[in-house]
Amino acid sequence: MNLRERLKNHEFILLDGGMGTMLQSAGLELGGIPEMLNFTNPDLITGIHEAYVKSGSEVIYTNTFGANRLKMAKTHKSVQQIIRAAIANAKKANPEYIALDIGPIGQLLEPAGTLKFEEAYDIFREQIEAGQDADLYIFETMTDLLEVRAGVLAAKEYGNGKPILVTMSFEENGRTFTGCEIPAMALTLEGLGVDAIGVNCSLGPEELTPIVKQLCEWTNLPVIVKPNAGLPDPVTNEYHFDAERFGRCCKEFAGMGAVIFGGCCGTTPEHVKALADMLKEQKPVRRRPEIPAAVCSANKTVIINQPRIIGERINPTGKKRFKQALIEHDTDYILNQAIQQIEAGADILDVNVGLPEIDETEMMQTAVKAIQGITDTPLQLDTTKPDALEAGLRIYNGKPIVNSVNGEEDSMNTVLPLVKKYGAAVVGLTLDKNGIPKTAQGRFEIAERILNRALSIGIRREDVYIDCLTLTASAEQAGVMETLEAVRRVKQELGLKTVLGVSNISFGLPSRELVTRNFLTMALYAGLDLPIINPNTESMTSAVRTYKLLANIDKNAVDFIAHYGGENAQTSAPSKPQSADMTLEAAVSAGLKSEAGAITSVLLENTEPMHIVNQYLIPALDKAGMEFEKGKIFLPQLISSASAAQSAFEVIKSYLCEHSTETVNRGTIVLATVKGDIHDIGKNIVKILLENYGYQVIDLGKDVSYEAVADATEKSHAPLVGLSALMTTTLPSMENTIKLLHERCPWCKTVVGGAVLTADYAEQIGADFYAKDAKETVDIAKQVFGN
Amino acid sequence: MISLSSIDRAQAFRYMGLHGKPDDKMQKMADDAEKDLLARIQPRYCWKAFQKKNLEKVLIGEDIQKHLESCELVILFCATLSQSADACIRLAQAVDVLAGMMTDAMASALTEQLCDEVEKEILENFPAMYSTWRFSPGYGDMPLSVQNDFLNLINAEKRLGICVSGGGLLIPTKSVTAIIGISGEPLPKSKKGCAICNLSKTCPYRMKGVHCS
Chain A
1 MNLRERLKNH EFILLDGGMG TMLQSAGLEL GGIPEMLNFT NPDLITGIHE AYVKSGSEVI
61 YTNTFGANRL KMAKTHKSVQ QIIRAAIANA KKANPEYIAL DIGPIGQLLE PAGTLKFEEA
121 YDIFREQIEA GQDADLYIFE TMTDLLEVRA GVLAAKEYGN GKPILVTMSF EENGRTFTGC
181 EIPAMALTLE GLGVDAIGVN CSLGPEELTP IVKQLCEWTN LPVIVKPNAG LPDPVTNEYH
241 FDAERFGRCC KEFAGMGAVI FGGCCGTTPE HVKALADMLK EQKPVRRRPE IPAAVCSANK
301 TVIINQPRII GERINPTGKK RFKQALIEHD TDYILNQAIQ QIEAGADILD VNVGLPEIDE
361 TEMMQTAVKA IQGITDTPLQ LDTTKPDALE AGLRIYNGKP IVNSVNGEED SMNTVLPLVK
421 KYGAAVVGLT LDKNGIPKTA QGRFEIAERI LNRALSIGIR REDVYIDCLT LTASAEQAGV
481 METLEAVRRV KQELGLKTVL GVSNISFGLP SRELVTRNFL TMALYAGLDL PIINPNTESM
541 TSAVRTYKLL ANIDKNAVDF IAHYGGENAQ TSAPSKPQSA DMTLEAAVSA GLKSEAGAIT
601 SVLLENTEPM HIVNQYLIPA LDKAGMEFEK GKIFLPQLIS SASAAQSAFE VIKSYLCEHS
661 TETVNRGTIV LATVKGDIHD IGKNIVKILL ENYGYQVIDL GKDVSYEAVA DATEKSHAPL
721 VGLSALMTTT LPSMENTIKL LHERCPWCKT VVGGAVLTAD YAEQIGADFY AKDAKETVDI
781 AKQVFGN
Chain B
1001 MISLSSIDRA QAFRYMGLHG KPDDKMQKMA DDAEKDLLAR IQPRYCWKAF QKKNLEKVLI
1061 GEDIQKHLES CELVILFCAT LSQSADACIR LAQAVDVLAG MMTDAMASAL TEQLCDEVEK
1121 EILENFPAMY STWRFSPGYG DMPLSVQNDF LNLINAEKRL GICVSGGGLL IPTKSVTAII
1181 GISGEPLPKS KKGCAICNLS KTCPYRMKGV HCS
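Just so you know, the protein sequences line up as chains A and B, in that order.
FYI, the numbering for the first sequence is 1 to 787, going by this note's numbering.
FYI, the numbering for the second sequence is 1001 to 1213, going by this note's numbering.
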């Protein structure tokens, strides 16, 4: 029978056992490259395959675990040659099915490492294309969900529709090395449409029991179990489970509903034979798990089984300061919006970076990568542009929400296939070409239409969330109860989760907060699951917490008391800035961030912004800089002052955005940590000091290619470029970047810094300046810009 | 079993270039970094003993050869605070540059503590033997280019999730590879001096005529 049908029917399928184990016992040299044996000793490889086939293996994994272009770079063979040879060796053993075996790339993706998602995708694409003669693709021993996503997308897009299996390796804490958890793996990969998922390696059958149990509860797909032969001996690294014990332990997995079996490290044809014997005695258990509505990042799953707050602040609409941040590519600003909302209680963050002046597609990817680099909170991708949506969906690590589709044909035809392809959840707006229906009935009908279309292309019912749309009470007072009635019906009659942006309700009314908060409570009572609010507004977040208490969701008021009981009780009262008697200079000098910001706000009431910069901030910084040079204060105190000055600057920037077209800019400087280097703390210290002195810094981040530095310098015509490198190994990158800058941007000066750099070396690689610390970089900038 | 319950903050402050008595603000920041790191990291390590003659691929350079002169048995070990340490640093940095620097320094101090503990545990397996101090690729003339082979020999990618980036750096960044020589005979006293340190030319301590530790 066709493999895909067998997978769909949840039939037992028997994989093979360890390859590495067999090679080692055949005497593979320590640290050797096993893939080369496909050429140097094909009979050995075929022999191992044959032994497994003889023991009952239906699926044979090719000897290609590390056959990617990075790991094979040292060999003189191409990925194509290795994979084709390996498939030929497997064919000779005449198995039922040949699986192209694909292991981890061996380098970590951004943000932990330096490998780009797109590069990972391309590495996998090359393997998939070379393995067209296999019957299926297996990604195994994976630990990074983002890397798996890159591989699965490559297999989906280049694999001619062949089945895709994925197994990841978990530690005893139920997470992979990168922190990926079982529910996130299951939600994400089932969403992407792989054919079976499971676990392999890292643990023995006994330790895997709770992990497999959890997986069986989180997926409808066939579950794969390919354990090690127990745990390795800590000193000899040998595995001790004999075949009989291995088979006996795996029987338990069959009872839980796992259907695809094999062995990993330490297992042999005898272990596989034991599995074959065990399966003969068993019947597949057909699981019917009820998988809840949920979204996730790789490390965190949010189940929508109670009201969950979607933070709405990452959105430039009506916010001049946010718009400026987008235009200046200031991702730090966006990250701060993210952190504030999470701290205030957001469960999910809406991400909208749409602005006519910028490339939204590129910005969506930048924002998603940056936010996922610092937080596990799942995201809702909010855009009207299909290109930007797909760009975000492609690189999102986990299962996001798409905001949004509506009842119009065009919208459903464009958005829903993307939701399906990338396995997201989707918000359906109850409007269509005729606008927003006035009645609850009208909106209910559109919700039903969206749901049916989603179901028809294979999107799960649990993944459709409906937004019944809030109209302003001042303009359409009668519509308020229609919205709430629609929420109630969608929830009860269609059984769908509901979303609502609530702030709109109070537009044009006095005491907006009062109106919005009460509407929010009413909506929650009507069945609202996902309020989209500003979580930084305490009255909104507290309304949700109070509702959860009263609705008996927050059992024993644990969460409520944690937030409002005991010593936290005062926190709801506005805190008084202790700045009445303090000067801005004193606040900067003492490194008091919130005070510096508060004093600046007060000063702005009757002082020109530039006067504050020139007469207060810069002198305070100069003083700190001088004390640093004299050794009276140290780098941490200097940075502390700089951070305080930065928060004063942030207040001034916001003020300027609102009140004038003027900006603080004493000159543009491009900064980058060079290619190959990911230590960016030094560069960030330099950045904050330069910004404090009013320079506009284009921060290209870390591991920046030579070309990207030249591109940014060319585009901005920046007179000064700062390059940083911490490691001796990345100094050549610095030299290459400077060379390219000399060719393409002969006008610009370069300043370099970093722990291992010396003035001599800086000169040798052609830099114009060497800065021994951040303070000196400012002095050099002043010299270059003559200000 | 290795447990890490506090961080050597005197060491962390030194990494940051902070001298004298840190003020309350710095202490508070160190508290936060310590709490965050200890709650999130998943320290891991692995090691293996080799006959020196089997390590030709990685024992490159005169300095390491000299270091292991009287040893036949050589331990390779690798330890990491896990990617969570990097995540803590990224988050702290996004909030505040100084908090980022503090978290980074605290994580570095913690990495050293982890290595000390791992070393202790390893040496328990060799009672009545003598050992050298731990030497890492990048010291002296031992090139960082050995990292890939080093990790392969102890299977650190699979066992610990550590890899070498395209730029030759260990990732997660708070990871260490190190070499300890073991001998049945007492070893000549040698000290980890400034001569083999990469930073010897720019070291602020040396400029002042003192040592870093």
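Worth flagging that the hints you see were computed from the coordinates, not collected in a lab.
Careful, some of the hints might be misleading.
[Unchecked claim] Pulled from the structure, derived: some chain B residues nowhere near chain A, Cβ distances all over 12 Å: (1) K1025; (2) R1090; (3) Y1130; (4) S1131.
[Claimed, not checked] Using C-beta positions, here's what the derived DEER-type ranges look like: (5) A/E627 <-> B/A1128: 30 to 38 Å; (6) A/E357 <-> B/G1017: 56 to 64 Å; (7) B/D1149 <-> A/Q80: 38 to 46 Å; (8) A/K92 <-> B/D1149: 26 to 34 Å; (9) B/E1124 <-> A/A759: 43 to 51 Å.
All of these numbers come straight from a predicted model, not from anything done at the bench.
For each residue, glycine too, the CB sits at the ideal point set by N, CA and C.
Structure-based check of each hint:
1. With a least beta-carbon separation of about 6 Å from chain A, B/K1025 fails to lie farther than 12 Å from that chain, contradicting its non-interface assignment.
2. Not every beta carbon of chain A lies more than 12 Å from that of B/R1090, the smallest distance being close to 5 Å; the non-interface claim is violated.
3. With a least beta-carbon separation of about 20 Å from chain A, B/Y1130 lies farther than 12 Å from that chain, consistent with its non-interface assignment.
4. Listed as a non-interface residue, B/S1131 keeps its Cβ farther than 12 Å from every Cβ of chain A; the least gap is roughly 17 Å.
5. Separation of A/E627 from B/A1128 is about 55 Å and departs from the stated range, judged on CB atoms against 30 to 38 Å.
6. At about 41 Å, the beta-carbon gap between A/E357 and B/G1017 misses the expected band of 56 to 64 Å.
7. For the pair B/D1149 and A/Q80, the beta carbons lie near 26 Å from each other, so the given range of 38 to 46 Å is not met.
8. Restraint check, A/K92 to B/D1149: a C-beta distance of roughly 32 Å satisfies the suggested window 26 to 34 Å.
9. Remark: the range hint 43 to 51 Å for B/E1124 to A/A759 is upheld by a beta-carbon distance near 47 Å.
Comparing the model with each numbered hint stated earlier shows that hints 1, 2, 5, 6 and 7 do not hold.
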